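Asks: Full structure from sequences and hints, please.
Protein sequence lines, in the order shown, are assigned to chains Y and C. Using the numbering used here, the first residue of the first sequence is number 1, and each one after it goes up by one. Using the numbering used here, the first residue of the second sequence is number 1, and each one after it goes up by one.
Since the hints were made in silico from the structure, they are not lab data. The model shown is predicted, which means the values in this text are computed figures rather than measured ones. Warning: the hint list may mix true and false statements.
Stated by the list, open to error - With the Cβ distance kept under 7 Å, some of the chain Y side facing chain C (calculated, not the full set):
id: 1; residue: Lys-42
id: 2; residue: Gly-43
id: 3; residue: Pro-44
id: 4; residue: Leu-46
id: 5; residue: Asn-101
id: 6; residue: Phe-104
id: 7; residue: Gly-105
id: 8; residue: Lys-106
Even for Gly, the Cβ is constructed at its ideal location relative to N, Cα and C.
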Amino acid sequence: QKEVEQDPGPLSVPEGAIVSLNCTYSNSAFQYFMWYRQYSRKGPELLMYTYSSGNKEDGRFTAQVDKSSKYISLFIRDSQPSDSATYLCAMSSNYGGSQGNLIFGKGTKLSVKP
Amino acid sequence: GAVVSQHPSWVICKSGTSVKIECRSLDFQATTMFWYRQFPKQSLMLMATSNEGSKATYEQGVEKDKFLINHASLTLSTLTVTSAHPEDSSFYICSAEPPGQGYEQYFGPGTRLTVT
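Replies: Pasting the structure below:
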């Protein structure tokens, strides 16, 4: 079993739809959970960061972490064509430095149609 | 926000030659930088962790003699792919960690390497 599992999609939704992206993981030591957005042929950019379990909201984006189920989600409300990208989940058991290695999911490719 | 640049953005080289990729943190000092490789439709795979002034730490399965990493200053890390082969063709991405923000890595735009 891979440490982080993420459905690669592709996922296609109409503009204005609510998008739900998910990852599951197996390592119970993970405490830091991130969502990155990556446009084609570009480096990832950090969207959301959550420590331990709970919800976090930033504008149209909401991140949820359920450590008991080893399941994290990213919700995008009122999706826009500019949200079309690949979304990567990432997680770590340590707080940065040489020990803060991120383990990434494969990424879910999202397409928002106008 | 913190900016990380990479150069070149795209390079084509012949099999057997070496290629150097630069990663720079433009507006902050990074004691730790990371090098990733991403194959098409695959996730980012960590290759090595680069610490300023010390030897890089390589992930299992990554040949340290083939992928030479130098982190000579707090704003520059380089990855040299030596004796490149077609199977080394990939998207190489670096990231840098600002001091005091251990959870956050800022990624460069990536370098696409094609070995012919």
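Asks: Give me the numbers of the hints this structure contradicts, sorted from smallest to largest.
Replies: The structure conflicts with no hint, since it agrees with every one listed earlier.
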